[in-house]
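Each of the two chains sits in its own frame; use the hints to bring them together as a complex.
Protein sequences, first through last, are from chains A and B.
If you're matching positions, the first sequence starts at 1 in my numbering and goes up one per residue.
If you're matching positions, the second sequence starts at 253 in my numbering and goes up one per residue.
Be a bit skeptical, because a hint or two may be false.
35 angstroms max Cα-Cα, derived DSBU-like pairs, lysine-lysine [stated by the list, open to error]:
#: 1; chain 1: A; residue 1: K119; chain 2: B; residue 2: K531
#: 2; chain 1: B; residue 1: K528; chain 2: A; residue 2: K119
#: 3; chain 1: A; residue 1: K242; chain 2: A; residue 2: K32
#: 4; chain 1: A; residue 1: K190; chain 2: A; residue 2: K242
#: 5; chain 1: A; residue 1: K117; chain 2: B; residue 2: K440
#: 6; chain 1: B; residue 1: K528; chain 2: A; residue 2: K10
If you're looking for bench data, these hints aren't it; they were derived computationally from the structure.
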Amino acid sequence: MNSTKIHLSKLDLHYGKQHILKNIESEIPEKKITVILGPSGCGKTSLLRCMNRLTDLHPDAHLSGKILIDGTDILSSNEDITNIRKMMGLLAQRPYPLPMNIFNNVAYGLRISGRKKKKYLHHRVEHYLKLVNLWDEVKDRLHDPAVALSIGQQQRLCLARGLAVDPQIILADEPTSALDPQSSQAIEEKFMELKEAYTIVIVTHILRQAKRIADYVIFMYMGEVIEQGPVNEFFENPKQEKTKEYLKGMFY
Amino acid sequence: MKAKKIEEKFFRVLMFLSTMFICMVLFLILFSILRSGLPYLSWEMISSVPSGGYYFGKEGGILNAIIGTLYLSLGSTLLAFVTGLPVALMMNVHLASMPRFVNSIRLILDLLWGIPSIVYGAFGFTIMIYLGIRASLLAGIITVTLFVLPIMIRAMDEALKTVPKGLLEAALSLGSTRSEISYRVFFKQCIPGMITAVLLSFGRAAGDVASVLFTTGFTDHIPTSLNQPAATLPLTIFFQLSSPIEEVRQRAFAAAVVLVIIILFISILTRVLSRKYHKNRINF
Ligand SMILES: Nc1ncnc2c1ncn2[C@@H]1O[C@H](COP(=O)(O)OP(=O)(O)OP(=O)(O)O)[C@@H](O)[C@H]1O
Ligand SMILES: [Mg+2]
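Just chain B, with the same shape it has in the complex (with noise of 0.2 angstroms):
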């Protein structure tokens, strides 16, 4: 009996620690990049690009970065999300007779996922020099698309698994066709998981850089097309960091706290998205 009681103890003091430990990296993480960057987070700073070259020039801001990295990541979340939901409502729906045959999608798609996404860069950059194309935001778009698509799906995947059974048998047996399924009931009811999916993914694209590396490349200007190159918020982190001039400098940590915000507004709205389409869902 006493033993037991100390065993208790024992856990619930090791899992108050890991939890204060955890937090405090966070608070600590946070609070860095916040006291580094919040002081040169103007107006300016966040509304004017750089001028004079983003290595050496005193003046400007990183709107262009901000506005790259938006483009950059709604544009390849929005494509792998309308290709990505067919393939996870195919493994789930049209293929729920083949458990195996979505087992091994699922682990080449977990391997796809594993991939550092430098690998994605270089790949993405392989291809462009074979077809001529240079460091563009479309280049860049398609291999973040790339490289985020294994996530999007087996994101999606884990919500459209958790459906029951018997909610594919209901529907079947109801006259409908698996097209039907997908979009009325599997859909509807894992809304909440698409829309962790969907924003899991703006994130993975907002703050990666090797995938951004080579095929976005990188300039002071905003694009206005899809074959200009792109600025992005953690490439300007990574050039500017390394700057010997201290208003460079400043640029970098101004950006750093803007992708927090950006990634911290992000969770905020998947926790609000998800609430409000959890209405319907059934509870099993």
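With the rest of the complex left out, here is chain A (with noise of 0.2 angstroms):
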């Protein structure tokens, strides 16, 4: 097994009186996709969202335990949490393309990050829109608001959009849900060849997908994990009960 690149360690969230995630431990491993997987509301977003510490934004979250990224607890570090975000490339479920046009879609994280040089945005854009197999779609029409777009090709501008940010992470709330068959091979085959350089982690529903792409399965229930491993070990020598009861699913 390689190194571990994130690790979560005694890790509650609360939502007021709800307790969301009860103790969670786990390694996630480099370069690799994990696969979070459990029936609806188990919650597999609530843990990726306490990965980049969106829980910060609702009213009553109380995270407590560690997340350590490369060492660091990103829960007690003094590091800004910008800079902690700027990792992590966000996949949420459904696309939320920037209020601007294509181009500036992809530009925004370079901006942010001030680099501004024209030449510069112009050789980036068109390096991450081929990156995410979109360059030939709109090479032609780079100013046109991103909301012309198709989903299918939102979610692959939104992927483009997040890797600009040059992440090391890549959290992906099931980012093939709202597409057709097609579009999500193709995000699909992005991700087998993305992990060669990030360390992604998908939530899906799909058994069938998670066995495709996984390298490490993360089985949650009702808020805690029930079991994980490595994708062979996990699809064809379940441990637990509730996985087993779970993996049946995958037949009918």
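In structure tokens form, the structure reads like this:
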């Protein structure tokens, strides 16, 4: 096993009185795809949001424990939260392009990092749009509003925008749930390529998809991690009763 | 089945009638203002100031009031925009994780919105006496700014409120600071709403009588500095309509027409500009 990129330790999340995540322990491997599985409402999205501290936005959220990224605890570190978030690209379930044109969507992250030279921006925007296989579709309409794109194209645009910030980690929450089979496959293949350079954490409902792309699987139920391990072991030789029951669902 | 159809029909007729009623009222107001004012709306009327005193002088026009109203509304709208925008952005971006606090700010602003403008006028007047300032354009601009500020902030706030949480989260997860999100994302997304807020405030500033009654004063001249009093269109109507002299009353009607034209122009401008800036907006 390689080195650990994200180490979750004794992580508890409360929303007001509700106990959402219960004593989560996990070591997410570097430059691999980790898939979080579990029934609806078990806390997958919440776990993902803890990792870049979007839970801060919730008025009654209380987060305790440790989230170590490369050994630094992002819950107690003095590091500016914006810098921590720059390390992670988040791909939401539904794409949210920024209210600007296609070019500026990708250039946004570069601009807020202080890189403003036109030539450089053009070069990088092209690079990232090519990386997500969107370049050919949009190269003649870079100055059209981002909303003019289809949902699948918007999802890839959001991926390009996230990558342009140069993160080390990609967090994706059901990134293919709004997409047709072809776009889904394109995104899946993209992730398989990207894991060479990035640590990827994906939430999904689709067991087949998990089996196809995962290196490491975390199975959650009612806010707890029930079982986790390398993908083959998880699917072929599950140890917990709950896991077995859940995996049976894969055949109907 | 039959009963449903009758119900449907009933409400459709009701809707039609009330729409007709509203249109008719609007038409009657416009018609009566235009009929009594339009005949007097000559070039001389809008290009000269009254001579011989606004209450008794038969000669001259309402240029003093047109210029005064423009100065006053432009000045106060600008001030209210500059001070209100950061507040509205703060409420929706920086304080996004404190909805209860933001809602109490909203409640206070709504209260301020509901206070009649005469109270703002009286407040401004009290302060002026305290500071020893006489009625002037500056005092008027400040008072009217206070009066339109809650309107401006709440109108911008209503626009910013429609920005979905997901967009805020997307921008945050790109590592943007709250100020970057405010001006690069939220403001951009809400430009049509911002334009509406500005023009709504402008309309309220241009049309209000009570807040300027004590604070701006009235004069036959065009103010050349901020510490001189200024005339306004609403006060022109108010003062001159009761004059025993026919020509003076004509000026009041002409002022009403000009005021209506300004408001109409602003409403149309709002529509045009909103449409123009709608292009990059994300629709959810
Ligand atoms: N903003 C919130 N306020 C209060 N409770 C919340 C909030 N968001 C989520 N929850 C609760 O947290 C629990 C976990 O939700 P979460 O969205 O993490 O589930 P999930 O595993 O992602 O489900 P799904 O597969 O349906 O997306 C749920 O019980 C949910 O009701
Ligand atoms: Mg979810």
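Okay, the hints, checked on the actual structure:
1. Taking the CA atoms of K119/A and K531/B, the gap is near 26 angstroms; set against the 35 angstroms cutoff, the hint holds.
2. Straight-line distance between C-alpha atoms of K528/B and K119/A comes to about 29 angstroms, which keeps the hinted pair within the 35 angstroms bound.
3. For a cut-off of 35 angstroms, the pair hint linking K242/A to K32/A stands: about 25 angstroms separates their Cα positions.
4. Using a Cα cut-off of 35 angstroms, the hinted pair K190/A and K242/A holds, with the two alpha carbons roughly 31 angstroms apart.
5. Of the supplied pair hints, the one linking K117/A and K440/B holds, its CA atoms being roughly 22 angstroms apart against a limit of 35 angstroms.
6. Distance restraint check for K528/B and K10/A: the Cα-Cα separation of roughly 52 angstroms exceeds the 35 angstroms cut-off, and the hinted pair is therefore not satisfied.
Hint 6 from the list above is the single one not met by this structure.
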